[in-house]
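Protein chains in written order, with the working numbering: chain W, 1 to 65; chain Z, 1 to 78; chain X, 1 to 570.
These are calculated hints, taken from the structure and not from any lab test.
Just so you know, even glycine gets a beta-carbon here, dropped at the ideal spot from N, CA and C.
You may find that some hints are simply not true.
Computed footprint of chain W on chain X; a stretch qualifies when at least three of its residues, placed anywhere within it, have a C-beta under 8 Å from a C-beta of chain W [said to hold, decoys possible]: (1) 304–317; (2) 337–348; (3) 421–428.
Pairs of lysine to any residue, SDA-like flavour, derived with a Cα cap of 25 Å [unchecked claim]: (4) X:LYS290 x X:ASN361; (5) X:LYS329 x W:ALA36; (6) X:LYS329 x W:VAL18.
Label-pair ranges, simulated between beta-carbon atoms [what the hints assert, rightly or not]: (7) Z:SER27 x X:GLN448: 46 to 54 Å; (8) X:ASP519 x Z:GLU40: 31 to 39 Å; (9) W:TYR53 x X:VAL200: 57 to 65 Å.
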Amino acid sequence: MKLTRAGVLILVAFSVPVAIELRTVFGLFGIDLPLAAVGVFEVILVAAILVAYAITAEPETATGP
Amino acid sequence: MSIETTREHPERGDDPDDRPPGYVVGSGPDDVERELSHDEFDPIGTLGIILVYFVILAVMWAFMYFVEFLGRGITVVG
Amino acid sequence: MATFVDRYPEEAAVVRATFVVAFVSLGIGAFFGLIQALHRTGYVRILDSVDYYTILTGHGVLLALVFTIFFLLGLFTWAVARSLERPLPDIRLTWAWFGLTTTGATLVAVAILAGLIPSLGVSADVLYTFYAPLQAHPLFYAGLTMFIVGTWMAGADWFLAYRAWRADNPDDRIPLQTFMVLTTMLMWYLSTIGVAVSAVFFLLPWSFGIVETVNPLLTRTLFWFFGHPVVYFWLMPAYLLWYTVLPKLAGGRLFSDPLARVVFVLFLLLSTPVGIHHQYLDPGISEGFKFIAMTNTMFLLLPSLLTAFTVVASMEHGARQRGGEGYFKWLGALPWRDPAFTGMALAGLMFAAGGFSGMINAGMNINYLIHNTLWVPGHFHMTVGTAVALTMMAGSYWLVPQLTGKRLYSRPIGLLQVVLWFVGMVFMSNAMHRAGLAGVPRRTAEPQYQSFDFSTALGSVGELQAQIAFGGFLLFVSVVLFLFNILLSSFETPMESPVDDSLPAPLSGAEGSPLVLDDLRLWTGIAIVLVILAYTLPLGSIVTDAGLFGDSPGFPVLIDAVAMLKEVVA
Numbered sequence: 001m002k003l004t005r006a007g008v009l010i011l012v013a014f015s016v017p018v019a020i021e022l023r024t025v026f027g028l029f030g031i032d033l034p035l036a037a038v039g040v041f042e043v044i045l046v047a048a049i050l051v052a053y054a055i056t057a058e059p060e061t062a063t064g065p
Numbered sequence: 001m002s003i004e005t006t007r008e009h010p011e012r013g014d015d016p017d018d019r020p021p022g023y024v025v026g027s028g029p030d031d032v033e034r035e036l037s038h039d040e041f042d043p044i045g046t047l048g049i050i051l052v053y054f055v056i057l058a059v060m061w062a063f064m065y066f067v068e069f070l071g072r073g074i075t076v077v078g
Numbered sequence: 001m002a003t004f005v006d007r008y009p010e011e012a013a014v015v016r017a018t019f020v021v022a023f024v025s026l027g028i029g030a031f032f033g034l035i036q037a038l039h040r041t042g043y044v045r046i047l048d049s050v051d052y053y054t055i056l057t058g059h060g061v062l063l064a065l066v067f068t069i070f071f072l073l074g075l076f077t078w079a080v081a082r083s084l085e086r087p088l089p090d091i092r093l094t095w096a097w098f099g100l101t102t103t104g105a106t107l108v109a110v111a112i113l114a115g116l117i118p119s120l121g122v123s124a125d126v127l128y129t130f131y132a133p134l135q136a137h138p139l140f141y142a143g144l145t146m147f148i149v150g151t152w153m154a155g156a157d158w159f160l161a162y163r164a165w166r167a168d169n170p171d172d173r174i175p176l177q178t179f180m181v182l183t184t185m186l187m188w189y190l191s192t193i194g195v196a197v198s199a200v201f202f203l204l205p206w207s208f209g210i211v212e213t214v215n216p217l218l219t220r221t222l223f224w225f226f227g228h229p230v231v232y233f234w235l236m237p238a239y240l241l242w243y244t245v246l247p248k249l250a251g252g253r254l255f256s257d258p259l260a261r262v263v264f265v266l267f268l269l270l271s272t273p274v275g276i277h278h279q280y281l282d283p284g285i286s287e288g289f290k291f292i293a294m295t296n297t298m299f300l301l302l303p304s305l306l307t308a309f310t311v312v313a314s315m316e317h318g319a320r321q322r323g324g325e326g327y328f329k330w331l332g333a334l335p336w337r338d339p340a341f342t343g344m345a346l347a348g349l350m351f352a353a354g355g356f357s358g359m360i361n362a363g364m365n366i367n368y369l370i371h372n373t374l375w376v377p378g379h380f381h382m383t384v385g386t387a388v389a390l391t392m393m394a395g396s397y398w399l400v401p402q403l404t405g406k407r408l409y410s411r412p413i414g415l416l417q418v419v420l421w422f423v424g425m426v427f428m429s430n431a432m433h434r435a436g437l438a439g440v441p442r443r444t445a446e447p448q449y450q451s452f453d454f455s456t457a458l459g460s461v462g463e464l465q466a467q468i469a470f471g472g473f474l475l476f477v478s479v480v481l482f483l484f485n486i487l488l489s490s491f492e493t494p495m496e497s498p499v500d501d502s503l504p505a506p507l508s509g510a511e512g513s514p515l516v517l518d519d520l521r522l523w524t525g526i527a528i529v530l531v532i533l534a535y536t537l538p539l540g541s542i543v544t545d546a547g548l549f550g551d552s553p554g555f556p557v558l559i560d561a562v563a564m565l566k567e568v569v570a
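This is chain W alone, in the form it adopts within the complex:
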């Protein structure tokens, strides 16, 4: 299934709570990460989403977001 630009936007939005809570999960296991870790998680997640987009996307018309 191809990933649309709207789909990328939604996935990026969804990655924000995931990045924030990943730090909580580490905290649960006694690994206290600094706030910057959330930023790092977010960058990794966004990169993963963009890679997925680059692999699956087909040329779209100009009606995407």
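Assemble the complex: chain W is given as a structure, and chains Z and X must be docked to it using the hints.
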């Protein structure tokens, strides 16, 4: 009301309607490839999502027991 | 293709008017929200902390009561005319309730905002819950009463429309959208008795000085008699959109009409006899009554879980019709580029998360952990602040073109707006929950104390403050984008089909549902019995304890009084 007459596309060149029409809000059904009747539709994806919800709920419930109950000192009442 | 405005031009004008009031108060309320988010985190303090409560009251009342209920009034008017396929019985009645509610809401807003100008001597810094003995100017209670009476008239308008339809269609099932409107209004009539009695018999005479004292616990309990059902009064318009519009936006059909009816009947039955769960820490109400309220509250999870199933299954139906496959891959086949769809779907997702924190609030013992902390605003910004508000904004992208005959100015900006709201709320609500767990109180301009530091489980208080301020900023930007998009849409040229407004029939229709579901008299009767069971004894014991009018004089929340208090403390 004479709405129909006012709705004709104006000919002016600088009209904002020159923008491409784009995606009409609510036109999701236009992309339907097949009609699924009540008996043909098996909502297994919904089952999956609701199971994920209950797993999160159960894990968080257990988490709360450790953090908020075992993790705090005793409460003295009175 | 004719849309709503062509078929019912007079009704469309009323709905447009209610939406204008709703969106104006959304704009003001959101601005107040930004001020608070920046003030209590200490980033920008443009006002004195004393004025924080004026802003906070304005934020709560304008958003939680005015924005949501005016949107509801418009949406229900649209839904009744649309689903009964007939105009309302008398458009003068419709304009009359619009006039009364708008006048009432304006008086309330004036009474609150006048608090910013001390020389006027008018203030109503009593917060959204207007707990006595905090006393507001009579204008506030009078406006509130007018507003409530206006909503009653609106309900009467819809019931009259239903009666006229019933005369012509004696054997038909009540159309689903009208059924939802009628059950919601029955719940509203039952629950607003509490706030009406509180305002008319106690608070209004007390603010005029006719009676000297009030019984604060009695007026608080009467407030929550109304205060929890009002939560569902906000939520039911969102549910109406999720059940009847969202499946179509997803490209599918509602999974089950009977299940939708069961859910609305359950809300009619269970919304009111639970109010005491907001008073778990109130002395003067015994534990047993609180336990009954908790049990009823847990039963209320049932209709919400039924909704989760039905709405997600309806979306999945759309996704599979659009070619979706697999256990989770079908999610990618949903029309995510449609801001109306995406906004409602994200609102539903946030509501699921709000369910987690709501279960904590509902538990009598766990509630002690988070009672009156910032956790609670964190929770209701997910529910009313996102599940309801974001659904209403997303729904507007689909509804407003039907009311004006003009297309949406920009779909991509709409999409960006709903996503921005989601992200902003993730930041703000997440940090509020965490801060609440650390014990940071709600409803304070300056939540810091000298020689005391809150200890957070993870990270620092400074990080949480930053997260709240940043989230609040994103939310404000999102509202600005929404309002401009709607405003610019009103300048578009009218066109033939500005929006696809058709609604397909449910997969499992009304003909399969038991007839008893449509027996509104039966359900109203049971709802009344449940309320009598849940409230007679607690109210009786509150009145026996301290008397009907109690012994508490008023504390008008005037700036002078607070300044005087400051001097005394210093």
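Quick rundown of the hints versus the structure:
{"no.": "1", "hint": "304–317", "verdict": "violated (count 0)"}
{"no.": "2", "hint": "337–348", "verdict": "holds (count 3)"}
{"no.": "3", "hint": "421–428", "verdict": "holds (count 4)"}
{"no.": "4", "hint": "X:LYS290 x X:ASN361", "verdict": "holds, 13 Å"}
{"no.": "5", "hint": "X:LYS329 x W:ALA36", "verdict": "violated, 32 Å"}
{"no.": "6", "hint": "X:LYS329 x W:VAL18", "verdict": "holds, 19 Å"}
{"no.": "7", "hint": "Z:SER27 x X:GLN448: 46 to 54 Å", "verdict": "holds, 51 Å"}
{"no.": "8", "hint": "X:ASP519 x Z:GLU40: 31 to 39 Å", "verdict": "holds, 33 Å"}
{"no.": "9", "hint": "W:TYR53 x X:VAL200: 57 to 65 Å", "verdict": "holds, 60 Å"}
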